[in-house]
Amino acid sequence: MPINYYIFLSVALFCIGVAGVLTRRNAIIIFMCVELMLNAVNLLLVAFSKMHAHAMAAVDPHAGIDGQIFVFFIMVVAAAEVSVGLAIIVMMYRNTHSTDVNFLNRLKH
Amino acid sequence: MGITHILFWFLSLLALISAILVVISKNPVHSVLWLIVVFVAISGHYILLNAQFLAIVNLIVYAGAIMVLFLFVFMLMNLNADTEPQKNKWLKIAGVVAGGSLLLVLVAALKKADMKAQIAEMNTGTIGLIHNLGITLFKDYVVPFEISSVLFLSAMVGVVVIGKKE
Amino acid sequence: MIPVLLILIPLAGGLFTFFFKDAKAARGWSWFISLAALAVSLVGLSLAKTSPLLQADVDWLPDLGSRFAVGLDGLSQVLSLLTAISFPVIFLATWRNEYPNGARFYALMLLSQAGLMGVFLATDALLFYFFWELALIPIYFLCSIWGGEKRIAATFKFFIYTFVGSLLMLVGIIILHNHTADHSFSLKSFYELRTRINANEQVWLFWLFFIAFAIKMPIWPLHTWQPDTYEQSPTATTMVLSGIMVKMGLFGVIRWLAPVLPVGTWAWGDTASALCIIGMIYASLIAIQQDDLKRLIAYSSIAHVGLMALAIFATNASGMQGVMIQMFNHGINIIGMWIVVDLIERQFHTRKISELGGLAVKAPGLAILLVVVALANVALPLTNAFVGEFLLFSGVFSSTATTYNVVFTVVAGLSIILSAVYTLNMIQKVFFGPVKTLTANAKDVYLNEKIVLSVIVVLIVVIGVYPKPMLDLTKDTVDMIITKMNYKL
Amino acid sequence: MSNMTQLVWLIPVLPLAGFLLNGLFRNYLSKSLTGIIGCGVLLAAFILSLLIFGEVRQPGFTPVIVTLFDFISVGKLHIPFAFQIDQLSVLFLLIITGVGFLIHLYSTSYMHDEEAPHFARYFAYLNLFVFSMLLLVLGGNFVILFIGWEGVGLCSYLLIGYWFQNLEFGNAAKKAFIMNRIGDLGFLIAIFFMINTFGSVTFGDVFSHAHGKSIGVLTAITLLLFVGATGKSAQIPLYTWLPDAMAGPTPVSALIHAATMVTAGIYMIARSNVLYTLTPVTQTVVAVIGVATALFAATIALKQNDIKKVLAYSTVSQLGYMFLGLGVGAYTGAVFHVMTHAFFKALLFLGAGSVIHAMGGEQDMRKMGGLSKKMAVTHATFLIGCIAIAGIPPFSGFFSKDEILAAAYAKNPVYYVVGVFTALLTAFYMFRLYATTFRGTFRGTHDQEHHLHESPSAITIPLIVLALLAAGAGFLGIPEVIAPNAHWLEHFLAPVFAGSVSTVGETGAIGVAGNGVVAAAPEMSAGTEWMLMGISVALALAGSLYAWARFSRKPDLEDATGFGKVLANKWYVDEFYDAMIVKPLDLLGKLFVWIDRNVIDWIVNGIGRLVQYGSRQIRLLQSGQVGGYVLLMVVGMIVLFLVELFVKK
Amino acid sequence: MMFSGIFTKSKTAVRNTAIVGLALLLFANCAEMVGHHWFPVDVHKMLFFDTFGLLGNAIAFASTLLLVLLSGRDMEKVGVNLAEYFALIFFVLCGVALVTTFNTLLMLFLGIEIISIPLYILTGSDKRNLKSNEASLKYFLMGAFSTGLMLLGIAFLYGASKNGTFFIDDLWTGGAGVSPLFMSGLLLLLVSIGFKVSAAPFHFWTPDVYDGAPTVFTSFMATVVKVSIFIGFVRLFDEAFGATQPEWQIFVAIITAATLFVGNLTAVFQQSVKRMLAYSSIAQAGFMLLAVLTLNASAKEGILLYAAAYSLATIGIFAILIKMKDYTFEGFNGLARRQPLLAATCTIFLLSLAGIPLTGGFFAKYYMLSAVLQTGHFLWLVIFAVLCAAVSVYYYFRVIQAMYFKEGEADTEETPSPVFKGLLVVTAALILLLGVWPQGLLGMLTRILYTW
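Residue numbers (the numbering used here), protein chains in the order written: chain A, 335 to 443; chain B, 10 to 175; chain C, 340 to 828; chain D, -6 to 642; chain E, 2 to 453.
Same shape as in the complex, but just chain A:
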């Protein structure tokens, strides 16, 4: 499968995520969109890793494995981020019974 497809697919997903971040006001949804972006990247990485594996198959059987390892680490980080992020959101919710980012405008100018 040509790599371009994967590139465009994940870029598309990524941009949908971006659009989500831009259009939604609910902090959690925004955060979910970010997760979407991350997954798009993951997909791309895996695709690339397979691409390299294909290209280098003759030279090195393990070529391109770094990509998948990296995905693994991304998941790790994402998990950590989620925990922290949700904690922050909950804290916010505790104080202002809302998760609407537009209410976050005490700090400006």
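Source of the hints: derived by calculation from the structure; they are not laboratory data.
Straight-line Cα separation of at most 25 Å, DSS-like style, residue types lysine-lysine; simulated pairs:
{"hint": "1", "chain 1": "E", "residue 1": "K78", "chain 2": "B", "residue 2": "K173"}
{"hint": "2", "chain 1": "E", "residue 1": "K78", "chain 2": "E", "residue 2": "K422"}
{"hint": "3", "chain 1": "D", "residue 1": "K69", "chain 2": "C", "residue 2": "K827"}
{"hint": "4", "chain 1": "C", "residue 1": "K807", "chain 2": "C", "residue 2": "K388"}
{"hint": "5", "chain 1": "D", "residue 1": "K360", "chain 2": "D", "residue 2": "K302"}
{"hint": "6", "chain 1": "B", "residue 1": "K98", "chain 2": "A", "residue 2": "K442"}
Simulated DEER-style distance windows between Cβ atoms:
{"hint": "7", "chain 1": "D", "residue 1": "F18", "chain 2": "C", "residue 2": "D396", "range": "48 to 58 Å"}
{"hint": "8", "chain 1": "C", "residue 1": "T742", "chain 2": "D", "residue 2": "V628", "range": "51 to 61 Å"}
{"hint": "9", "chain 1": "C", "residue 1": "V797", "chain 2": "D", "residue 2": "T277", "range": "40 to 50 Å"}
{"hint": "10", "chain 1": "C", "residue 1": "H522", "chain 2": "E", "residue 2": "P419", "range": "40 to 50 Å"}
{"hint": "11", "chain 1": "C", "residue 1": "E694", "chain 2": "E", "residue 2": "P419", "range": "49 to 59 Å"}
{"hint": "12", "chain 1": "E", "residue 1": "R338", "chain 2": "D", "residue 2": "E107", "range": "56 to 66 Å"}
{"hint": "13", "chain 1": "E", "residue 1": "A244", "chain 2": "A", "residue 2": "V393", "range": "18 to 28 Å"}
{"hint": "14", "chain 1": "D", "residue 1": "H105", "chain 2": "C", "residue 2": "V797", "range": "25 to 35 Å"}
{"hint": "15", "chain 1": "D", "residue 1": "G354", "chain 2": "C", "residue 2": "T742", "range": "50 to 60 Å"}
{"hint": "16", "chain 1": "C", "residue 1": "L347", "chain 2": "D", "residue 2": "G16", "range": "41 to 51 Å"}
{"hint": "17", "chain 1": "E", "residue 1": "R338", "chain 2": "D", "residue 2": "Y21", "range": "51 to 61 Å"}
Cβ coordinates follow ideal geometry from the N, Cα and C atoms, glycine included.
Given the coordinates of chain A, work out where chains B, C, D and E should sit on it, guided by the hints.
This is chains B, C, D and E only, laid out in the frame that chain A set:
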């Protein structure tokens, strides 16, 4: 046009559509569910790419743990469609436009790349297998692995700091 | 050795002065320090020009190619002497002024002296820039703490104005530094640059420096900070500003611009000269309109400095020689003027010319001394300024650097007449005429002021009658600079 | 005894010493002591000058240069502080110190009412003046000359404004100084021209190299010098300060504004006669200006009622004569007239002073009259003065004026006609003055009349001495036609003007013929000359007698009307200058003040304001909305990509 | 260390252990520099401990130490969880160590994450304070977003690399022209790191977060974190993209200009000193970006010098700021009367930030400018930067004016302890030393960097 191709297109479409639904659906819970669909689709792609390990992990960690966490939070705050505040139209449009144009420029930038020749090999190759990954992870990548433990630790401490009653 | 002392004495003395509790003690101490500096500079004068004691060159930042290099040649001799003379004079003249927590005042004054000395003595571009800023900071504080009611705004404007200029100069210095053969800041390798930098580059590099110097002098139309600052700052500081700091600009051009970028200087000579001349006439006409003594002197100073700058661009020995001696004279004379203004202000709490009058009846001593200083201000023969302006004008007239030399001379010459107008007006309105109620019970000068003013008068006359020593002092430097300036690509 | 000339530096130093003594110790010296110092130094200087004169008049005397020290030396230019002694300078030495001494003497009594410190101040100024005047005439190069030149200007400023409490006087002083400055600027530029052309300012070098230099440059130099002269010697257009200068004490007017300072211009041009002889254009200018001034001032003098003003304008007019002389090349004649004028005009001023003194400060002739009975000496001497200035033989005025007129005729009859007409006017207004003052009946108040008295000897003695000189000085220059080779002054000054002689052939200018005999032009027959003399004498007599007769009977007391009014108001020249020069400059100054505040400074502050405004606007980007932030981030990113795609190449 | 932090309860003990720990860390680091490897760990080339990075570490650790010494007490005011705060700070330092010495994109990514996540917490650590919460949430959301960008960039680079690697020196393997994939990845990385160092137009989080966060942690973020990320920034662009410099220089130039412009201009209008400092930190970042732009020897020396000078001055000012009750400019009125020492040191810090000679700030700026001028291009940028510096004088001197020339009401600040004063003096002295005779630091740097 073999089965892989069909699957590929199917999964891609599924992913894209449900991703869009994630963004546009009013009810946050629905968004979560659609997101899960996206993840599943992506895991499907992993399988196509013969990266079983990641596929599984993706399902377990994302579609499983993380999304449940999200849902949990939603329930906690019992948010639903009507609580979802309306963003003003212009900013919404601006957002869509911006996202779209980002897509455009990225595509435009990458289109010039002649990767036609480059092929991502499908359902072959061994690098995606737990065995190989494990070996690499614990040989070459042991340091980052340990580091990531620090990361988790910090996350833990952080959550404690925030969550702890005073 | 000598130059190092010249910088070190005021610096150390100033820092030490911060710890004084009692203003009077601080005053005495700082006077003593300034006298010490004067003594040192006199020693420096007495030494032979080739004496190794006049140079000092210590490793400072080898990696940047910058050294702590200071030296006394004719030019810096004159200016450091001026600085060294001025401060004791200023301290003594303002002896009776009371400053809230005065210790700091005197400390800052000494620091500014150190800075000024550094500027005039440095033979390393980076060092020069260092002191250039250093001289500014204390002055900034002096003006803003002890100044008049609109002081903060005025001095802040002054500070930013000059800071912009000096930053541009810094850029210029760095560029030149990159062009030097041995990647050093030393004056010597800067003087070799005129062969290494091609014409069209010199042409724009010129402005990076000239703007900085023009702001300092100041040259029209970059002068508007000056009257406000002079008006607002305490008179002692104003003396430093107008007596010495103004010379920093001229000095900069003579030492760091004209010989380093001769082609650029030639290219813009006429433009700069035109600005100077506009400034002279403009400032003189405005001075005639002024009712505030300080502003009047401020504008007259603009006119005088304009003439000196004009003569620099004449690019010949007599003009340059005139600048050298006139820088000294102008410093002395204008300080004399300020002293008188200070006396008047302290007595009558006004600087309005229209409110004064008939002082000569009550304070003949003051009147006579002022008249002499004022005559020097209009460059009457046998006063020091005549020698200076004579050389300046003859330099401008016989300049081969421009084709407009005659025009320049004639137009600039008008300022001679105008200066007579405003100076005489001032004398007239302040000292002559019937006594007014305000001046009815005026007191004459006290001893300390009499001494100071007499010193100044003596200097004025002596240099006016027998300028030879001064001229000989700067002769070699002048020739050196002129030869460098006459270099053509 | 050639060592005498080496002592020349003493001559200026003596008055300087007097100045310092009187100036520094003015609070401690008694008046008499002050007076002694003041006059003593002058007397000493006079004696020294006499001795030197004695040396100079030896046949075959060559000019002596005494260099004191090196004043300014830059590059190739060397300006020594040097004195030059030759016939011309010695002549002026004598006039200055001699007349100066007499006037100092006079002042001791005239200024006696001042209290001690001011009395001392007065003499200090006077001495300073003499000092600078001596510098002026002794200076061995143009720069030293210029130093004296400005020095005398300063002193005249100080002395005019001597009574500084009176703002009027102060303004007059200021006017004098500034108008002089205008002239000085010309002088200065002329000096720079010389430096450029000759590389030196020493008389010797300049004159010896003058030949062969381009006429254009020489013309420029001479014209600029002449500008200086018009300032100092009160010629059109810079003469208006002199009448106002009468604000000063009368002796000052006598010394500075009649006898010495105002003749500096003549001295300077006579000194540089070589240059002028080489530049006919300038000569014409000088002559025209001179004769015009003479006529112009004379007309004004006709209608003045202030006794000193009349004399002032007459001075201007006489100076005009001298410049006419210089213009037509009769240098000797000019100098001759300087001398005689010094005598009789000083005499007249001092006489007027004596009158004013007697009248208790009254200066208006209309309040005088019939003083001849009360003040015999003053009256007699004053009459002599009048005759002398009117040019009636055998008094001095006749000889000097006639020499000039003769030369003028030879050059161009028009000059002569105007000159003679002016002579007529001179005679007329002088005798108008005389008659109104001394003849007829007294018109002042009663206590004035009661106080009328002859002045003390300190005043009368100088009057008498000057009267004698005014009467007799003429015989130093007897015209050729009257007595061959009797023109002593001619012979005496011959060496000074020798430079011009050599050029007679080339330029055909009237100068001195080879044998040093005055050349009222070879082609001018003795007959013509007698005729000319006759005409001028006749006119002078007519004018004076008419005026005497008319104004003794009924002086014109009522204000002038019609054309007379114009004259009385001095042709409104002051008003003209005020409107044309002073006012515009004032407006310009105001305009600049406005520009300074509202344009230049506004721009400077404007930049500051601009920054603040920008700050206020740009901070609105910081909306506080995460959405907005991210949006802007994305936009920024897009921009970067666009640059990558399209701009960057 | 961290555990000790978590388990002990006495605050002083915690702080002391922290200080000791930091000292040890610093010492170890310096030892590492001079070549004593005490804990030899095989990092599989994931990290590369070169002098540049280690110096960066040293600066970061040292300034943290200084920060703790100066403002350690003030952390207690933030909340009860002192130990945790210290723990989090140490995590950040761990991340810093990674970012300054990373050798693969993976490590860079991890490092930045380890830096960020604790910072989200620290920002929000003042839990009852809505501003703090808000700041934290904003920081988190945008941080996560930028992480996404960074990852995409990394992915692109991975794809573009010849044979699939994350090692920064293998990313670019020469060849004719750069592939669009590579270029896009590079741009995305530029954006995301630009976000971290708050370069315009990716700086918007900075003012709000710095303003909202507890001042102690603001100080920490503005100095240690920012500086270390800059070290990483230079490292990345030097190692990975050095060869392709002409391709991306223009972008950095644009970003630099924007940053200088926005930072300086916006700071002018601020009323709160804290927020002003936030903007000023953006402006300073603009200057540091010049180093990234040029990447020549003097840029590398310069960035380190800049890091040191900037950190010292900023920490000092924040330490003084914490003592003030009122963060507006008026709060500083007449400080010179009441606390001459504070005012004096504060003045020195401000002068240093403004880049006046005799302070470290001058040489910092000097290096940056000369670095650019050596390239012979971008004169416009230099002039622009210089003018911006002139603008910066405006807002820095407003504080000085308030302190010296204005009359203020009594005690708007708590009286500082002598120890605190002493430390301030030391800091100021350090800055002056850097300003008068930077040879000490510079000499070492140049000697090393020319060999490196």
